[in-house]
Every structure is written in structure tokens, then in C-alpha cells.
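*Asks:* FYI, the numbering for the sequence shown is 1292 to 1600, going by our numbering.
Quick caveat, the hints were computed from the structure, so don't treat them as lab data. Just so you know, not all the hints are guaranteed correct.
[As the list claims (entries may be wrong)] Ranges between beta-carbon positions, derived for each pair:
| # | residue 1 | residue 2 | range |
| --- | --- | --- | --- |
| 1 | Ile1394 | Glu1497 | 21 to 29 Å |
| 2 | Ser1420 | Gln1540 | 31 to 39 Å |
| 3 | Tyr1383 | Ile1325 | 18 to 26 Å |
| 4 | Gly1524 | Phe1387 | 24 to 32 Å |
| 5 | Gly1557 | Ile1325 | 55 to 63 Å |
| 6 | Arg1458 | Gln1301 | 42 to 50 Å |
| 7 | Ala1587 | Gly1524 | 26 to 34 Å |
| 8 | Gln1407 | Glu1585 | 45 to 53 Å |
| 9 | Lys1357 | Gly1557 | 45 to 53 Å |
| 10 | Glu1585 | Asn1409 | 47 to 55 Å |
| 11 | Lys1358 | Leu1583 | 19 to 27 Å |
| 12 | Gln1388 | Ala1587 | 40 to 48 Å |
| 13 | Asn1482 | Arg1544 | 21 to 29 Å |
Glycine included, each C-beta is placed from N, C-alpha and C at the ideal position.
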Amino acid sequence: MKFPQEHTLQQIATIIDAQYIGDANFPVKGMNEIHVVTPGDIVFVDHPKYYDKALNSAATVILINKKVDCPEGKALLISEDPFSDFNKLTQYFKPFQKSDKSISDSAQIGEGTHIQPNTFIGNNVKIGSNCLIHSNVSIYDNAVIGNNVIIHSGSVLGGDAFYYKTRPEGFDKLRSGGRVVIEDNVEIGANCTIDKGVTGDTTIKEGTKLDNLIQVGHDTVIGRRCLIASQVGIAGAVTIEDEVTVWGQVGMRSGITVEKGGILMGQAGITKSTKANKIYTGNPAMESRAKLKELALLRQLPKLLEKLK
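Work out the full structure, taking the sequences as your base and the hints as a guide.
*Replies:* Shown next as C-alpha cells:
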């Protein structure tokens, strides 16, 4: 998430009431999670296990809960609770905006786009030309929809990320300030849920088709011309490359990559990144040929046991 204008390190420190290490005028351009940071961004870290990763990332401002040596060319914000202060920044730069209309006055809707009754279009949403949005669809604030997109009834674009920190008193929610971006010629089936990014974009690229009842987690990127069947669950920060086919009831854990041209068979549990143009099956999933060999050997076990007897 980029800020509307560049801020200084001192200005950001004032917003969250934090100490800073570095030049008071050090430029701060935005804030992002570790996997999408770029120079000028703030990233937060609150566990020693991830200090090095954050300090050596592309982010140039690190919001951290311990005084450490500041890498050259970077700056630190010292906080007792980086998670909460990251939330404060999200709420400061992307506060919730209520809407009292079904289609917000700030929404931009292209020529030839038809929106069926009982659909909600939030603030600052952009929808391209020749789209068809069926009834009872909800498109939350700041979403971007391309041209020739079809969205079927009951789908929700832009729900909050499912991202919580465990506290002694319960679960603390990480606030979502990102967007959903849908490119041209995408079709989204009925009752799909596509969560917005925490600070970045959840993206579905050109020509991809989603069946009904699919969950797409925050900050996930789905490539071009993918086919995804019903009841698939995709966790946050997954990368699905171009021309991937995903059959029904597949589940994917967060942070993995499904490489180009892969085929994920029904009910596969994808716990690790996959290789390009390979077929995967089973839970936990493995390459289909290896899995079939394994199953064939398992079928021989009763005969082997009888021989041993």
C-alpha cells in the first residue's frame, strides 16, 4: 500500500508514538507485508526468528520491537507492539468509509456494464466496460474490475484478510488496507469469496475462470487463463501461475507457488510448491505418477502379508 504522498520517518513515528533510528527526514512511501515490500515501504517484525529476514528485505523502514543495528540505507521504528502499530498505520491511511448507497457515488462504471438489482458497489470501486454483475454481489471499497468480467450472484470481493495474532485475551485482528484486482475477461461463479490484500492486492489475471463456492485468500495472485473448479480453498499469499487447472475441493496452504501449467486433481492437499506442467494428487499431494505407484504397491500388501504367514 503506497501512501497518498511521501512522509518522513519523523511524521510516521509521531502517528504511532514510536522511537525512530535514522534521519528524521528519511522518506517513507508506503507499508507492506514482507513478501511484497519495495524500497520506501515499512515492514513490521515482532519475533527474533524473523528479524534478519525483515532487516535484509527490500523494505527501507523496519517497525521492530527491539533496538538492533540499523542496516545502511535504512531506518528503524522502535515499538513495544509492532503488530498494533502496523494496524494504527493502516487505520490512519485507509480508514473504513461507510456507504449509504447501493452504488457509491465515487464508483466508476464503464460503458456497457450491467449491474443487476441488490448489488453493492463500494467507495472508489472501478469497473470496466461490458461487464455483467449479477444480483446480490458485494464489491468492497477500492476494488478494480477490468473489462468483460462476469460475476455471478452471491459473490463477495474485498472481504478482510483472515489474519490474527494470538493474545492471552484472545485473537487480535490484522487490519486489511489492500485491494482486490480482477483483470479482463475473468468469470467468477456464484458464492465465491475473494479477500483483499492486507496491504497489497489480491489479483486474478486475464482470462481466468472460477466456478462456484471458491475461497481466495488475501494477497493471493492467480495467473492468466486458469480454470478453478468448485469448492477450492486457497489460503493467503499463494501464487498460482498461468494456465493452471485446479479441480474440485483442492486445498492450498499459504505462501506456496503452483507453477505454470500444473494440474491439481480433485481433493488434493497442496502443502508445498509444485513444479511446472506436472499433475498432482492426494493429501498431502505428490506427483500423480508417484502417487499411483504408491497406491499400486499398497494394494499388494495383503498378498505379501499372506505369503509371510
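*Asks:* Next, verify each hint and record whether it holds.
*Replies:* Here is what the structure says about each hint:
1. Ile1394 - Glu1497: 21 to 29 Å: holds, 25 Å
2. Ser1420 - Gln1540: 31 to 39 Å: Given range 31 to 39 Å: holds, Cβ gap about 35 Å.
3. Tyr1383 - Ile1325: 18 to 26 Å: With Cβ atoms ~21 Å apart, the hint holds.
4. Gly1524 - Phe1387: 24 to 32 Å: At 27 Å between Cβs, range holds.
5. Gly1557 - Ile1325: 55 to 63 Å: Violated, since Gly1557 and Ile1325 (Cβ atoms, about 33 Å apart) do not stay within the stated range.
6. Arg1458 - Gln1301: 42 to 50 Å: violated, 30 Å
7. Ala1587 - Gly1524: 26 to 34 Å: The hinted range 26 to 34 Å holds for Ala1587 and Gly1524, with Cβ atoms some 29 Å apart.
8. Gln1407 - Glu1585: 45 to 53 Å: Holds, at about 49 Å.
9. Lys1357 - Gly1557: 45 to 53 Å: Since Lys1357 and Gly1557 have Cβ atoms about 47 Å apart, the given range 45 to 53 Å holds.
10. Glu1585 - Asn1409: 47 to 55 Å: Once the Cβ atoms are compared, 50 Å apart, the range 47 to 55 Å for Asn1409 and Glu1585 holds.
11. Lys1358 - Leu1583: 19 to 27 Å: violated, 56 Å
12. Gln1388 - Ala1587: 40 to 48 Å: violated, 58 Å
13. Asn1482 - Arg1544: 21 to 29 Å: 23 Å Cβ-Cβ, so the 21 to 29 Å window holds.
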